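Engineer: Residues per chain, in single letters:
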Amino acid sequence: MTAGGAGDWRRVQQLFQAALERSPQTRSTFLNESCGQDAALRAEVESLLAAHVAAGGSFLERPAVGALVDGSLQRGDRLGSYEIVELLGAGGMGEVHRAYDTKLGRDVALKVLPPLLTTGERLARFQREARILASLSHPHLLTVYDVGDVDGRPYLVTELVDGGTLKTWALAETRTWRQAIELLAGVADGLATAHAAGIVHRDVKPDNILVSKHGYAKLADFGLAKLFEAQSAATGPEAVTRVRTEPGLIVGTIAYMSPEHASGHPVDARSDIFSFAVVLYEMLAGRQPFTAANDLEVLQRVRYQEAEPLAQDIPAALRAVVDKALEKAPAERYQSMRDMVVDLRRAAREEDVGRASPAGAAARIRSLAVLPMQNLSRDPGQEFLSDGTTEALISSLAQIRDLDIISRTSSMRYKGTAKTMREIGRELGVDALVEGSVQRVGRRVRITATLIRASTDKHLWSRAYDRDAADILKLEAEIARTIAQEIEAHLTPEEVRRLVSVRSISPDAREAFQLGRYHQVKENDADLGRAIEHYERAIGLQPDYAAAYANLSLAARLRKNRGFTQEEGGARAAALRAIELDPDLGEAHAAMAGVKFDDWDWAGAEAAAQRALELNHPSGRVASLLSITGRHSEAIAAAARAARLDPLSPGMQASYAIVLYFARNYEAALTQVQRSLDLHPGNYAATLMLGGIYEMLGRAGDALAIFDRPDFRESPYIARAYALLGQRSEALRVLNALAERQTPFDLIEVAATYFALGDTDRGFEWLTRAFDERAGYVPWANVQPAFDGVRSDPRFKALVARLKLPG
Amino acid sequence: MDQANGEAGTVSVLLQAWGRGDLQAREELASVVYGELRRRAGAYLRHERQDHTLQPTALVHEAYMRLVGQERVAWQNRAHFFAIASQMMRRILVDHARERQAAKRPGAGVKVMLDDRIGAAAPRECELIDLDQALTELTHLDPRQGQIVELRYFGGLSEQEVAEVLSISRATVTREWQAARAWLYRRITARPGRTVP
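So the protein lines, in turn, are chains S and E.
Following my numbering, the numbering of the first sequence begins with 149 at its first residue and continues without gaps.
Following my numbering, the numbering of the second sequence begins with 28 at its first residue and continues without gaps.
Simulated from the structure, these hints should not be mistaken for laboratory data.
For the chain E half of the interface with chain S, some residues (derived, Cβ under 8 Å), not all of them: (1) Ala68; (2) Leu168; (3) Thr201; (4) Arg202.
Computed far set for chain E versus chain S, every beta-carbon distance over 12 Å: (5) Thr37; (6) Ser39; (7) Arg47; (8) Leu50; (9) Glu55; (10) Tyr61; (11) Arg93; (12) Gln103; (13) Ile195.
As the structure is a prediction and not an experimental result, all values here were calculated from the model.
Where is the CB? At the ideal position from N, CA and C, for every residue including glycine.
Please work from the sequences and hints to get the whole structure.
Structural biologist: Given below as structure tokens:
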């Protein structure tokens with residue numbers, strides 16, 4: 149039992165203090181000696197030590213009245229356009245509320261900062277940095293949306309992360325070094341990106357690293373510490389001794405401070421490198437590198453004492469990285485975070501390979517691209533067969549979550565290429581490539597496949613297969629599985645099951661299916677019609693062909709959405725049938741997501757799209773849905789991943805730009821849309837987006853210049869550019885001509901143009917028509933920046949209500 | 028101003044009387060200090076205070092300046108003042124928390140910070156009332172530690188000031204504060220229905 153009396157408490161306390169003054173490693177020995185046979189005493193001391201650690205640096209450290217006053221925001225209170233929902237937590241730098249942004253219709257985190265001893269200039273600098281960080285749109289940096297103040301109390305609005313902090317992540321269960329590195333590598337990359345933009349964090353610590361429920365880490369509170377630093381604190385050694393008497397002088401958490409910061413000297417990016425290394429050390433060792441009984445001693449240790457070496461079971465290369473980053477003198481550390489990231493990744497990779505093969509020379513392969521399989525059949529018309537095998541290998545390998553596989557559009561661009569493996573590897577950013585050939589001889593099929601390391605052009609594995617054509621699906625799955633084994637990718641039992649349990653499909657049905665795919669990707673009316681015929685034939689030959697049903701659904705919807713037909717073409721029934729036949733088929737769920745999206749059934753569409761994604765079927769749908777419902781940072785992360793896996797697809801690159809645009813991240817959107825236009829100059833969708841971005845950046849003149857070409861000259865897009873430039877009669881001329889037009893055009897943009905002209909009533913007439921006809925970008929109306937001016941109009945609210953958006 | 032000067036005079040007299048062992052003076056002093064702090068704290072707690080330039084944590088110091096001001100007071104008397112003021116602050120804040128709890132406004136429980144974060148959901152928190160109760164238990168076990176917590180957490184005094192008030196070394200304050208904090212944390216988190224991290 150716990151010690152009860154005052155005498156016992158004295159003894160417990162003495163041991164507690166003495167143990168705290170010892171290093172964590174020697175504590176156990178110390179307690180063995182001091183407590184002897186008294187197990188109860190020892191348990192009491194240990195539980196107190198645990199409480200000490202768990203209480204952290206914040207418990208009771210801020211006087212009660214401060215906490216009381218800061219917690220004073222109540223549910224329903226308004227700060228500008230933000231409505232308080234609930235208190236999430238409170239800390240030394242203010243309390244955090246979940247709030248609702250009534251202007252942009254999204255949930256945010258709102259942090260009310262303590263009254264500042266700061267200047268307007270500093271606040272302005274902080275805001276400037278926040279904007280730069282937002283423009284980087286790095287998935288591992290927490291986005292600051294807004295900075296403002298109420299009654300002289302500044303507040304900060306950021307994206308909301310559903311989860312906890314690195315601290316709670318580490319406490320939740322025992323973590324391996326590998327898990328820690330996987331979680332933190334992205335954060336390191338984010339920090340490096342911020343440094344490259346000239347921004348220093350100044351308070352890197354586990355409390356500032358948020359970890360979402362899905363195990364995704366984001367670095368928060370950039371530059372916040374700087375706001376709280378009194379001018380005098382930046383210099384002079386006496387600052388050190390004042391740390392405790394006047395909290396707020398040197399701001400930062402002592403245990404994670406760099407020696408130069410702890411000495412009150414000016415800090416730069418190298419200080420962040422040290423702090424990040426302290427976090428890394430703590431995650432690898434399960435303890436902080438510099439601990440002592442009180443803050444002053446911690447400061448001394450930070451400045452003068454070497455951290456105890458990390459345990460031997462942590463890879464030597466990784467220990468070396470941490471050691472180098474923990475050097476006391478900034479000049480001895482990594483000079484840039486980017487260098488540290490490179491070494492960190494290499495250390496982790498080398499360890500992986502080291503485990504795999506004793507030679508351990510080469511880095512592990514984590515990403516690969518399947519190049520178009522060569523058609524060795526005499527009949528060039530059989531090319532669809534080799535393309536089919538390429539696609540099948542891509543989709544089989546893509547099912548392995550441990551691997552990044554380049555998507556079809558980007559891979560297919562290398563058909564007949566003269567480029568070397570190294571060049572291709574570099575362009576696609578992959579570790580390895582698969583190339584091969586397909587030959588059909590009567591009822592036999594011959595496939596060869598070779599795995600090549602991109603950086604060295606070295607052949608890692610090669611094999612030729614000769615099988616009955618009826619077994620081609622099984623063979624493709626087998627090749628994918630073998631490749632995965634060769635590169636030692638980690639396969640979950642579920643993934644193994646799916647790669648093994650491939651159904652037999654009759655060769656004729658498979659051929660019909662492949663012909664369908666061949667036509668479908670051309671995306672014009674005639675080819676889509678032919679694709680549908682081939683799928684129907686495939687289903688006739690093989691009634692349980694789930695993939696044929698799924699693609700039938702996709703092709704039918706594409707045909708309708710492109711305006712080639714009014715017919716629904718059985719898209720819904722086909723998607724349902726596909727899921728019924730094979731509930732584990734990603735394509736089937738992607739097809740269903742499309743059908744539900746067209747129904748404006750957002751929840752249903754999202755569930756289906758997420759299921760497709762779980763089954764590792766790439767879907768841009770997820771990003772769109774997140775965007776429409778205002779979850780922009782998640783949308784950006786999803787779109788960024790899709791763009792990364794399909795680096796040469798202009799469409800996928802443009803989709804990412806569109807997501808950034810709706811997130812109002814115009815600078816990043818501009819960079820991204822250029823990437824799309826580089827791949828396909830003049831691309832219609834990307835050009836549209838480029839004009840839209842220019843307009844939001846106040847560069848309507850540039851927008852007009854790019855829309856001044858035949859296919860845009862009579863479009864609502866150029867009309868809006870005229871309107872924004874004040875060329876009213878030009879704008880109206882184009883709009884009037886459009887009103888007479890019989891072929892479809894962008895109704896949303898017409899409405900936006902009337903709003904820009906100040907003719908709100910006409911704008912709403914067109915917007916209503918757009919809603920009635922469910923025109924293209926109608927689902928995005930609630931997040932469309934062009935509508936910001938009319939957002940509070942009851943007519944707008946009534947229209948948006950028709951979307952039945954969640955929340 | 029006259030009134031303030033008058034009170035300042037009264038408080039000095041009461042402090043001296045209490046210093047000589049006059050317990051009646053202590054009661055009167057407590058009542059004056061309570062009234063003063065309540066007025067000041069109330070303005071914050073009712074969101075009336077507009078001049079946020081001043082930290083609310085300085086309340087006890089503000090009250091001292093107003094009630095005692097520049098009067099020459101023996102350091103023991105000054106210590107007595109802070110001790111009693113911290114005790115009164117505790118009473119005011121706990122009463123306030125109780126009122127809020129009784130009013131059952133949504134999300135109105137008064138939180139004591141257990142963690143520091145931004146943007147994260149899933150808070151860990153405890154009620155000020157729980158802390159008050161745990162502190163009473165700690166005071167039974169170790170009166171001096173109870174007082175250190177009262178001075179620092181409720182009175183908002185720095186470690187140095189606590190050391191002066193209690194006439195002990197600063198190092199002792201640091202050590203005892205650490206033990207007291209750990210003990211309280213354990214006591215609060217170990218309550219039924221709360222998880223121990």
